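Start from chain A and add chains B, C, D, E and F with the ligands according to the hints.
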Amino acid sequence: MNIDLIHIIYLFASVTFILGLKMLSNPKTARKGNLIAALGMTLAIVATIVLKEKEVSPVIYYLIFGAIALGTVVGWLTAKKVQMTKMPELVSLFNGMGGACAALIGLIEFPKVAAHHPEKLGIVLAGMIIGSISFSGSMIAWAKLNGTLRNAIRLPKYNILNTIILIGMVAYAVFIVAAGAYASMHLYLLFTIAIVYGVLFVIPIGGADMPVVISLLNSFTGLAAAFGGFLYDNQVMLTGGILVGSAGTLLTLVMCKAMNRPLFSVIFGAFGETAVASGGGESQGSVREVSASDLAVQMNYSSKVIIVPGYGLAVAQAQHVVKELETLLEERGVEVVYAIHPVAGRMPGHMNVLLAESNVDYDKLKEMEDVNPEFAQTDVVLVIGANDVVNPAAKTDPSSPIFGMPILEVESAKSVVVNKRSMNAGYAGIQNELFFRDKTSMLFGDAKKVLGELVNELKNLD
Amino acid sequence: MNIDLIHIIYLFASVTFILGLKMLSNPKTARKGNLIAALGMTLAIVATIVLKEKEVSPVIYYLIFGAIALGTVVGWLTAKKVQMTKMPELVSLFNGMGGACAALIGLIEFPKVAAHHPEKLGIVLAGMIIGSISFSGSMIAWAKLNGTLRNAIRLPKYNILNTIILIGMVAYAVFIVAAGAYASMHLYLLFTIAIVYGVLFVIPIGGADMPVVISLLNSFTGLAAAFGGFLYDNQVMLTGGILVGSAGTLLTLVMCKAMNRPLFSVIFGAFGETAVASGGGESQGSVREVSASDLAVQMNYSSKVIIVPGYGLAVAQAQHVVKELETLLEERGVEVVYAIHPVAGRMPGHMNVLLAESNVDYDKLKEMEDVNPEFAQTDVVLVIGANDVVNPAAKTDPSSPIFGMPILEVESAKSVVVNKRSMNAGYAGIQNELFFRDKTSMLFGDAKKVLGELVNELKNLD
Amino acid sequence: MKLAVLKETDAGETRVAIVPKSISKLKGLGFEVIVQSDAGKNAAFADDEYTKAGASIASSAAEAMSGADLIIKVNPPTKEEVGHLKKGQIWMSQLFHRLNEELLGDLKNAGVSAFSLDAMPRISRAQSMDVLSSQSNLSGYKSVITGADHLGKIFPMLMTAAGTVTPAKVLIFGVGVAGLQAIATAKRLGAIVQATDVRPECKEQTESLGAKFITVEDDGVKTEGGYAKEVTAEYLAKQKEAVNKSLAQADLVITTALVQGAKAPILISKEQIELMKNGSVIIDMAVAKGGNTALSKPDEVVHHNGVKIVGVSNFPAQIPTNSSELLSRNIDTFLGHLISDGKFNWDMEDEITTGTLVVNNQTATA
Amino acid sequence: MKLAVLKETDAGETRVAIVPKSISKLKGLGFEVIVQSDAGKNAAFADDEYTKAGASIASSAAEAMSGADLIIKVNPPTKEEVGHLKKGQIWMSQLFHRLNEELLGDLKNAGVSAFSLDAMPRISRAQSMDVLSSQSNLSGYKSVITGADHLGKIFPMLMTAAGTVTPAKVLIFGVGVAGLQAIATAKRLGAIVQATDVRPECKEQTESLGAKFITVEDDGVKTEGGYAKEVTAEYLAKQKEAVNKSLAQADLVITTALVQGAKAPILISKEQIELMKNGSVIIDMAVAKGGNTALSKPDEVVHHNGVKIVGVSNFPAQIPTNSSELLSRNIDTFLGHLISDGKFNWDMEDEITTGTLVVNNQTATA
Amino acid sequence: MNELIEYFTTNKDIVFIVILMVFVGVEVIGNVPAVLHTPLMSGANAIHGVVIIGAILVMLDSEPDNYLALSLGFLAVFLGTLNVVGGFVVTDRMLEMFKKKK
Amino acid sequence: MNELIEYFTTNKDIVFIVILMVFVGVEVIGNVPAVLHTPLMSGANAIHGVVIIGAILVMLDSEPDNYLALSLGFLAVFLGTLNVVGGFVVTDRMLEMFKKKK
Ligand SMILES: NC(=O)c1ccc[n+]([C@@H]2O[C@H](COP(=O)([O-])OP(=O)(O)OC[C@H]3O[C@@H](n4cnc5c(N)ncnc54)[C@H](OP(=O)(O)O)[C@@H]3O)[C@@H](O)[C@H]2O)c1
Ligand SMILES: NC(=O)c1ccc[n+]([C@@H]2O[C@H](COP(=O)([O-])OP(=O)(O)OC[C@H]3O[C@@H](n4cnc5c(N)ncnc54)[C@H](OP(=O)(O)O)[C@@H]3O)[C@@H](O)[C@H]2O)c1
Ligand SMILES: NC(=O)c1ccc[n+]([C@@H]2O[C@H](COP(=O)([O-])OP(=O)(O)OC[C@H]3O[C@@H](n4cnc5c(N)ncnc54)[C@H](O)[C@@H]3O)[C@@H](O)[C@H]2O)c1
Ligand SMILES: NC(=O)c1ccc[n+]([C@@H]2O[C@H](COP(=O)([O-])OP(=O)(O)OC[C@H]3O[C@@H](n4cnc5c(N)ncnc54)[C@H](O)[C@@H]3O)[C@@H](O)[C@H]2O)c1
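Residue numbers (the working numbering), protein chains in the order written: chain A, 71 to 532; chain B, 71 to 532; chain C, 37 to 402; chain D, 37 to 402; chain E, 47 to 148; chain F, 47 to 148.
Honestly, the hints are just simulated from the structure, not real lab data.
Remember, it's a predicted structure, so these values are computed and weren't measured experimentally.
Cβ atoms here follow ideal geometry from the backbone N, Cα and C, with glycine treated the same way.
Please note that the accuracy of each hint is not assured.
Computed list of lysine to aspartate or glutamate pairs in EDC-like fashion (alpha-carbon distance at most 20 Å, straight line) [said to hold, decoys possible]: (1) K63(C) <-> E85(C); (2) K58(F) <-> D303(A); (3) K434(B) <-> E444(B); (4) K77(D) <-> E99(D); (5) K57(C) <-> E439(B); (6) K150(B) <-> E142(E); (7) K313(C) <-> E85(D); (8) K327(A) <-> E523(A); (9) K61(D) <-> E439(A); (10) K393(B) <-> E523(A); (11) K182(B) <-> D111(E).
Where chain B lies over chain C, by a calculated footprint (3+ residues, C-beta under 8 Å) [said to hold, decoys possible]: (12) 156–166; (13) 205–218; (14) 236–247.
Chain C side only, calculated, beta carbon under 10 Å to chain B, not exhaustive [what the hints assert, rightly or not]: (15) S169; (16) G176; (17) L362.
With the rest of the complex left out, here is chain A (with noise of 0.2 Å):
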């Protein structure tokens, strides 16, 4: 009966899983679904448990609750304290943890199926060490995104290196399982260079590759959780151990293509970070870069939002588009002005002629000394083609030759999304810090081209 009605719980969680990942796609539902998977996951532990045919020493129990509580009390707490900049690391964290708990099994497990059940140590073995890669990897993604390990690190042909590393470590596998080396020496030298391995993996890649890399060692553990139900013909461990496989392969390419860059590139190709075109003046640092999804999503959510229009909207002709931008997010709740600065274009009034021919409403244009201080109150800050008229060095730089022109104080708002072709000047001439500052993404495109993409992105949100 118990071990019946186990089965109706693992069924069930496994659908909460699907359900779970379905749900966490969509904004909309994602906090909902990330709860209905952990619901699911609490009640398939608490029925292993509970649920276990034969008579268990009650320490044993102990320290199974011990554990649980131990893992409760110290995730939670790391996981609630950790500030926001900080998640992907701890993501990464976890998912080593993880990978360590499916390579403690298999080492647990390997001498009692060695006995036993020889016909399943290949799948012992491969748990073992997929989860110790992902372990060793995940902490090294770890250690570079927190700043302990800053370089990319590369040994001498690290990628032939690598190659033969794998190669010998899955022939060394087969040998113990064909030829019956069970002896525990094999099994922890497997194991070392199973982790030397997972290291020697995520080494050589640099920091803005450090997501994908950790998308991919989470496909990796769910590879290993897969492996678990095999050895114990246990469905919630494979199917969730499946599903989080292929889900989180998928989401490693996603990710590549929203990166523009190719999953064998990130992993052998390692030139590490992405690099910016960037002309008229020398670059200052590096910017970064927000994808129209995201933005759509982060306008969605706002309740306010300003448009900055400059001469690049202009050049685009996006003038139909900003205006239906304005629309869509009116319709979503969201507050929209537009700040007009009064020598934004290429002449005087070249904004209102835009705009006009759009039909944007008169009321929603603001001038530049009354827009100001309504800035800090605003969500979101687009800059649509605009340079000069939000550059800071015009209130900071008296060398520079707008140097006493009043400017739009963008930087006051939440956050700032510029929106142009390329780190290119304009008017002035002159290189623009506020494209390097923390508060400041850039959406790089034509302005037509890529509100486009955003208004998309919008629709689709719904």
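Here is chains B, C, D, E and F with the ligands on its own, set in the frame of chain A:
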């Protein structure tokens, strides 16, 4: 070995079914998807015959081949010869054949199963009942669509009657299984009840709702096939059947949503045809509606589209979105021009003012005399909020107040789509026959809103 | 058949009834076309363009008219031209016949038949022959240009380094053909536009051009053959109330309100003008029919209390090229309707013929 | 400190240098403002608006000037006004000092200091004080309105029952501030617009307003402080070739080409005018600096071969309300720059001060 | 109740497959445009023709002298083939409109 | 080769489930917007923490005196819990930004 190989083939076939359906949901891949599923099906059938373990009498082989050959020839020819407009009936017919096949299997297997595997009796009966309902229901749907059965026939209190029969039927089946009433009398009686129920189920539903009903019956047949899979422990039947059952059910719901009719009222409400509010004159028959997404596909695959703007475009202030539509279509290689009737709108040059605002190229605006001969080479004419200027009564009906006014002869195009909010008349206050013509479909709704949807659908088509 | 096109005689009239482009169509109908010398000059159609198109030139009106079957002009004939008319000839022009009893008598006595172009019925199939409509349309455009020219401000909003120029506020009375085109033109130039009319359907039409409509709370007024009827004093009072706020803020006011067969209604009183801003401008398009304001005078600029009241009686004459083109097209379409197989075909069942044939001496046919 | 605002004296000038809205700002800077009676009348600013804003009214220029520290006008002083000047006073207006040697001498002799508003350097932070820019902008708009008023055609395309009116073709020479606004305005009204300029960056700017640019195949011309330099004869020949086709089709041509410190270039010769269509119109905005066509005369309409050549020397005076507002804002911003703590602060390191201070008798400071 | 749970346990894999298949079925046709409703229905229709395998199995299992079963089986195979072949062919014809594009 | 096919046959249901699960995994996250990449990854990360069940099973199966297995098992359960709890909580925190909307 054979029996092992067959499972791999079945697995492969199941995967082709999944892929096939997936590809069928996208216009770009639909055709290939159909072929892939067909390939999987062929393999599965061939494997079933060839990889049979036990020796089978050649007579049986001949019979099987004969039946398949006959079915192939008849099915192929019927499908190839049928007119485009008669396809839905044919789908219904083929669906009925599938149902009949399932029903026959049940009839044949019942005695055997009763004798050897009584625990599977429920499964046999379920497959038989569902197959029978699907068969007779499909036949009625077919008869309705091809016009043999014109009207919805409704017995008094038919909803209650049908529900009683349904409950009775299920109870009877349970009784047969539980009481071990294996006499063939029971079997055939149950079969008859199922057939009758299928008829009664479909016959009160109006012709306009038939596509939904066919889709529902389609998922029934899928279910029947799945029961076959249970019966024979045959994975390809099981998965194929369940797949169609679930996809078919969702599709039914989606279709209901697209038609704005809850499934419940299709089945029970059965108020027959969808009625469209008609004003300003007697109704002259029924109009055909088209959805934005259908129109998007149709336009996407056109080579020439002519847009006929009218007063409604101005009322809706849809000039910007119409320009967006034009741009999108041109990007997809569709030639787009605007046919401007000299009195479209409410002032001379009304359309010019609007379209100039959204920067429509002057060269794309065609005068009536120039454009009238072009309609014959046009795939789709999209009439947006125009009415009198495309009213054929101006040419044909001397009593009409607009008699003698030259009109845009949109009817010579391959297909005409009219967007307006209702069936209300235009300035001249007269009904427009064009809307009831065979070539015409209506796209109801405010021009700005509906064109927005159309644009979105077009964007999603890549 | 011979067709004579006369040069206009009215002061300030610059249009011509037939432009060179129409000649070939007229020849196709069976006409030989004689054009009085310099008839098209002011509208930028030189005599040699007419001859190139196949017309011949006559040096005087008398010469052109002698021997002509049909004589065409934009405006009603002068006494002198009536003198040149011969029995059996056909005259075609605007005649404003309801206001011109005497002229009609003269034409009857001369034994000619006469078509009045401005009497075209407002039915769908006559739209292409309706000169009032085609000319009103151009007038609506030109009224805005004239207003923009008189105004000390510009229309669009401009936010510049030297401060923000606020958009001009334009208020339009009468949303007929001219009013609608005025709305469209003012909107294009970037003004904030409001309009009002007695006919309730004008609200939607105004909004279809992106402007605001000022609704006067009343039952509205039913139309008759496309024209508004006279309204009650009560309505006018309500209208005053509804528009006064907009009037006080308006930079430019354009009035186009006409009532068929009656004097134009006075929509803006002297007191209301005194509400208006210093520097604002009124363009009165109804001034030829008495004017929509209390102070407007035909073809004069009246200054009152800082407000300029500009009465223009003949806007189409200020854009003679286009207005002549459309007129000419209206007329050639009309002739196409009247003539079949190279002969006049007086279909007295036909609303268009009966509506416009205001003097019928064609005893032979009818 | 006392500030006097004079009434303009030039024929046809309707602007005023300071509008009532600026008074409070000026008072904030420490000025007592005296306005000559009726100074703002033609720009629709009545005397009582000034007094309401806190200025006092002087009946004559002499009265206003006596005792003033700073005297402001739009245009250069007349001989008479120079006569009223007293040592130590400061004069501020447009002075066109490079063309007005004699006047500069007189001012120097009078012992006053003088700022020339039109000498404002073209740097970013001076944009808000640049009167040439603010006035050119309005002129660009007005040139199109004037062109539309003179043209026998309408701008937009209209497809009507009486036939299709083709859109007007507008060709603009010189894509500076005025040219750009002219492009924008003509586009708004529905015309097909083309433009040309010597500066290659103008192509993108023209296209950013939805118009077409005619590129002259040449190296283009480098600018100097925002102004174009004189071009070679070779360039002018190439330009002719490139534009002649457009010129022959144009309905309206607007010329705005200026070269700093030189006579305006002749861009349209007599022969080229003769290529143009009967009824077409040229608006020459450069006529005050000699004109961009061979035939233009200041403030006259020259008719040549069916083409009207309209030379307008002072467009801003035709929209006095807005142009005065912007001028006044330019000036008060400029004064805000010159004055700190209620006193003139002659920062002779500052480009803006040195650029505009064309007569410096302020021996005390410097 | 207990029986049900037991049944479930013995067939847990099948139950799982059924549930997953339902998911797949629903996911796979997620965003189908309305224009594809009919072809999709028709394609699905052809797929459930897989029931023909059941008919074939029936025949393969029949004794060569069980004429009733054989003739019914023959009919079933014939009808199933109709469903399969007709279904795919008609779907393909419906989809022809999507190939025209350059 | 034969062994493989045989293995396949005995485990056909499992193989099927694996394949279907792959489909579901891929379909389910089909159109995820980039802004959800990280939360989704984190959520998936928490889900593979299901490996903890393996660790629990190990412990339940261990002899109470096999100290090595028990301590390794304890560690495994602890790490697995970290993965699960930390994973879900951190995901939830990331997703907080989506709840603000009125
Ligand atoms: N308003 C006037 O009257 C007037 C007159 C003369 C000069 N100015 C001067 O012009 C400047 C105006 O400032 P602003 O901020 O409006 O313009 P800006 O400083 O010239 O910057 C415009 C930016 O737009 C970007 N851009 C160009 N085409 C684009 C496209 N298709 N899509 C997206 N971005 C595009 C360019 O960057 P990428 O190349 O990287 O895309 C450029 O940096 C001021 O310096 C002002 O002094 C104004
Ligand atoms: N051009 C001129 O100078 C002029 C002047 C006066 C009169 N007219 C007359 O006006 C008519 C013009 O013909 P037309 O075909 O342009 O217009 P129409 O015959 O008046 O038809 C316009 C159609 O647009 C639909 N509509 C209104 N608002 C809409 C919206 N928001 N979205 C979608 N559809 C909307 C209306 O149907 P629903 O209500 O069902 O939506 C209506 O049937 C002619 O009869 C002409 O004689 C023209
Ligand atoms: N053949 C046709 O179908 C055809 C042709 C031309 C015009 N029309 C229609 O006829 C109508 C009238 O057009 P029109 O331009 O010749 O009209 P109009 O020139 O006679 O009058 C102009 C406008 O003034 C309005 N008006 C009258 N009294 C008013 C008052 N007291 N206050 C405010 N407004 C007042 C009228 O309603 C009208 O809209 C329009 O709807 C037009 O579309 C139809
Ligand atoms: N403070 C500032 O940054 C500031 C202020 C005002 C203007 N500007 C810039 O200065 C530039 C000039 O503006 P402007 O309007 O005062 O110029 P302008 O009035 O001096 O001349 C008008 C235009 O005529 C053009 N031109 C000269 N010779 C020509 C020829 N032979 N053929 C064709 N075109 C010819 C010039 O290039 C210029 O574009 C513009 O780019 C403007 O944006 C900058």
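Status of each hint after checking the structure:
| no. | hint | verdict |
| --- | --- | --- |
| 1 | K63(C) <-> E85(C) | holds, 15 Å |
| 2 | K58(F) <-> D303(A) | holds, 14 Å |
| 3 | K434(B) <-> E444(B) | holds, 13 Å |
| 4 | K77(D) <-> E99(D) | holds, 18 Å |
| 5 | K57(C) <-> E439(B) | holds, 17 Å |
| 6 | K150(B) <-> E142(E) | holds, 12 Å |
| 7 | K313(C) <-> E85(D) | holds, 13 Å |
| 8 | K327(A) <-> E523(A) | holds, 16 Å |
| 9 | K61(D) <-> E439(A) | holds, 15 Å |
| 10 | K393(B) <-> E523(A) | holds, 17 Å |
| 11 | K182(B) <-> D111(E) | holds, 15 Å |
| 12 | 156–166 | holds (count 5) |
| 13 | 205–218 | holds (count 3) |
| 14 | 236–247 | holds (count 6) |
| 15 | S169 | holds, 7 Å |
| 16 | G176 | holds, 8 Å |
| 17 | L362 | holds, 9 Å |
Taken one by one, the earlier hints all hold for this structure without exception.
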